[in-house]
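So the sequences go chain by chain: A and B.
Heads up, the numbering used here is the position in the first sequence plus 20, with the first residue counted as 1.
Heads up, the numbering used here is the position in the second sequence plus 51, with the first residue counted as 1.
Hints listed in this document are in silico derivations from the structure and should not be mistaken for laboratory results.
Because the structure is a prediction, the values reported are computed rather than measured.
Keep in mind that a hint or two might mislead.
Simulated coverage check for chain A against chain B, where a stretch passes if three residues somewhere in it have a Cβ under 8 angstroms from a Cβ of chain B [as the list claims (entries may be wrong)]: (1) 98-110; (2) 180-193; (3) 251-265.
Here's a subset of chain B near chain A, in silico, CB distances under 8 angstroms, partners left out [claimed, not checked]: (4) M68; (5) V74; (6) S76; (7) L84; (8) G92; (9) T96; (10) K99; (11) A104.
Note that CB positions come from ideal geometry on N, CA and C, so glycine has one too.
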Amino acid sequence: MKRDYDVVVVGAGPAGSMTAKWAAKKGANVLMIEKRQEIGSPVRCGEGISKAWHDSVGLKLDKKSVAWEVKGAKLVSPNGSTFYLSEKMAGDEVGIVIDRVFFDKLLARDAIKAGSDLQLKASATKLLKSGNKVVGVRVRSMEGTRDITCGCVVGADGFESQVGRWAGIDTSLAPRDITSCFQYRLTNIDQDFDYCEFVLGSKAPGGYIWIFPKNKDTANVGIGMQLTKLSQPADVKKYLDKFIQGDPRLRKGRPLELVSGAVSVCAPIEKTIGDGILLVGDAARMIDPITGGGISNSCKAAKVAGEVLAKATKENDFSERSLTRYENGWRDILENQLYRNWLAKEKLVTLSDETFDKVIATLNEVGVDKMSTFAILKAVKTRYPELVKEFEEFL
Amino acid sequence: MDKDKLDELEVDIDKCMHCGACVGSCPQNAITLREVLIEFGDNCTLCKRCIKACPVGAITLLEDD
Ligand SMILES: Cc1cc2nc3c(=O)[nH]c(=O)nc-3n(C[C@H](O)[C@H](O)[C@H](O)COP(=O)(O)OP(=O)(O)OC[C@H]3O[C@@H](n4cnc5c(N)ncnc54)[C@H](O)[C@@H]3O)c2cc1C
Ligand code: SF4
Ligand code: SF4
Numbered sequence: 021m022k023r024d025y026d027v028v029v030v031g032a033g034p035a036g037s038m039t040a041k042w043a044a045k046k047g048a049n050v051l052m053i054e055k056r057q058e059i060g061s062p063v064r065c066g067e068g069i070s071k072a073w074h075d076s077v078g079l080k081l082d083k084k085s086v087a088w089e090v091k092g093a094k095l096v097s098p099n100g101s102t103f104y105l106s107e108k109m110a111g112d113e114v115g116i117v118i119d120r121v122f123f124d125k126l127l128a129r130d131a132i133k134a135g136s137d138l139q140l141k142a143s144a145t146k147l148l149k150s151g152n153k154v155v156g157v158r159v160r161s162m163e164g165t166r167d168i169t170c171g172c173v174v175g176a177d178g179f180e181s182q183v184g185r186w187a188g189i190d191t192s193l194a195p196r197d198i199t200s201c202f203q204y205r206l207t208n209i210d211q212d213f214d215y216c217e218f219v220l221g222s223k224a225p226g227g228y229i230w231i232f233p234k235n236k237d238t239a240n241v242g243i244g245m246q247l248t249k250l251s252q253p254a255d256v257k258k259y260l261d262k263f264i265q266g267d268p269r270l271r272k273g274r275p276l277e278l279v280s281g282a283v284s285v286c287a288p289i290e291k292t293i294g295d296g297i298l299l300v301g302d303a304a305r306m307i308d309p310i311t312g313g314g315i316s317n318s319c320k321a322a323k324v325a326g327e328v329l330a331k332a333t334k335e336n337d338f339s340e341r342s343l344t345r346y347e348n349g350w351r352d353i354l355e356n357q358l359y360r361n362w363l364a365k366e367k368l369v370t371l372s373d374e375t376f377d378k379v380i381a382t383l384n385e386v387g388v389d390k391m392s393t394f395a396i397l398k399a400v401k402t403r404y405p406e407l408v409k410e411f412e413e414f415l
Numbered sequence: 052m053d054k055d056k057l058d059e060l061e062v063d064i065d066k067c068m069h070c071g072a073c074v075g076s077c078p079q080n081a082i083t084l085r086e087v088l089i090e091f092g093d094n095c096t097l098c099k100r101c102i103k104a105c106p107v108g109a110i111t112l113l114e115d116d
């Protein structure tokens, strides 16, 4: 039987578009379906990324996608003291503050240029199966409901991660591995606009508050909190409101945009493939458990996914065995770091304000230039021998 | 699953941001987000996790009030 497409990608966020691009570029016949009516909107993101990984996934940012550039990260401890990290040392979420409305469209455009098809306002509502094998997807759109057959369905449906669960892949999360988020784009504020700011400690239990500048007087001011640390409905928003009211730089600000959402902060999941199905990005729970950032990991895994899908198309083999190349490929790049950072997160959420203060104080003493793990450990040990025990397991 | 109980999960449309935090948090995959409409399936066990996950407190269990 002839299939409608080689690959149908559900969700046109960064993971979906990047997968579609690499699959189409190398010869697969690809359709992306996206339930929203506009790619990239509404924004559900702090929009912080670094520059380091763009080349590896063939990403060239255009002017509109970049809202602001920063020199690094500023960590703020509960007692208000600060520690500055250069862009290079600050990880995958610091360097550029992007505009997702344009960034996501840029990636979708790249996918279309590579030959992929895209349909908007089109929701996947269930998977078509033959036995355990996924053979297509039911799509509801303006044209009505229709069944589309394909060699492989890609679940790139973000945090909701329903496609994988319909296929029998377990992407459900424990409450401690869910971070609930709220964010304002605040304008008319004062800020240290050369840095992405991270506020640590009990102002955001089990998470942190971020201030990512969009321009001189506007920033994404958001909060993420671990589900297990929430007691009342809407706690997340209340904690953020309280923080803003308590900060004279922000109090006079007014929101241009409200954002809510959630991120996974889990260890790598067991399985991201099956016969005729593959998961990528947030849907595959690839977010960094410490920072909650997921754009870079989504793009890195998506490139592997696209390339494997193109090979699978040539070989006309979309079996789980064939897709194992993707499973192994993304794990080679991301798994160790995801696991290590998950362990670290499990630790970080238990630290008291006092401990955060001590760590920041020690970091300041050691200085950025001498920021080797050993130097930090030595400094911590001299000042706070009791603290070293808490961190030893990660060093 | 008691169908009557299910009617007791209610979304306040004045608060809901249609962000899907509840969908991805639901252990039963029982929630559907249709752009501006939230639906709870009958595989919901009333575990209330979605109520916690919702950043703006839009979901209530009427029983609780
Ligand atoms: C508040 C917040 C702040 C964040 N801040 C950062 C940050 O600063 N830096 C960073 O790197 N990451 C950040 N993240 C995480 C980042 O947003 C995600 O990692 C990234 O968007 C993942 O891309 P994705 O393509 O996997 O998923 P998404 O971008 O979520 O895309 C999924 C797409 O699938 C569509 N979809 C879902 N279900 C269906 C369906 N059934 N049919 C059709 N389409 C469907 C959705 O509409 C959506 O467009 C943040 C997340 C949140 C919630
Ligand atoms: S109460 Fe629990 S099972 Fe029911 S919809 Fe909410 S999260 Fe899902
Ligand atoms: S988590 Fe709350 S705001 Fe988000 S879609 Fe669900 S009910 Fe609406």
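A quick look at each hint next to the structure:
1. A stretch counts as covered by a chain when three or more of its residues have a beta carbon under 8 angstroms from one of that chain; for the stretch 98-110 of chain A and chain B the count is 0, and the coverage is violated.
2. Counting residues of the stretch 180-193 of chain A whose CB falls under 8 angstroms from any CB of chain B gives 7; the rule of at least 3 is met.
3. Residue count for the stretch 251-265 of chain A with a Cβ under 8 angstroms from a Cβ of chain B: 6. That meets the three needed, and the coverage hint holds.
4. At a threshold of 8 angstroms, the smallest CB-CB gap from M68 (chain B) to chain A is about 4 angstroms, leaving the interface hint in force.
5. For the restraint placing V74 (chain B) at the interface with chain A, the shortest Cβ-Cβ distance is roughly 4 angstroms, inside the 8 angstroms limit, so the hint holds.
6. For S76 (chain B), the shortest C-beta to C-beta distance to chain A is roughly 5 angstroms, which falls under 8 angstroms, so the interface hint holds.
7. Restraint check, L84 (chain B) versus chain A: the minimum CB separation of about 7 angstroms is within 8 angstroms; hint holds.
8. Below 8 angstroms, beta-carbon pairs count as interface contacts, and G92 (chain B) has none with chain A, the closest being about 11 angstroms; its hint is therefore violated.
9. A hinted interface residue such as T96 (chain B) counts as satisfied when its beta carbon comes closer than 8 angstroms to some beta carbon of chain A; here the least separation is about 13 angstroms, so the hint is violated.
10. At its closest, the beta carbon of K99 (chain B) sits 10 angstroms from a beta carbon of chain A; the interface hint therefore is violated under the 8 angstroms criterion.
11. The interface hint given for A104 (chain B) holds, since its Cβ lies 5 angstroms from the closest Cβ of chain A, which is under the 8 angstroms cut-off.
Comparing the model with each numbered hint stated earlier shows that hints 1, 8, 9 and 10 do not hold.
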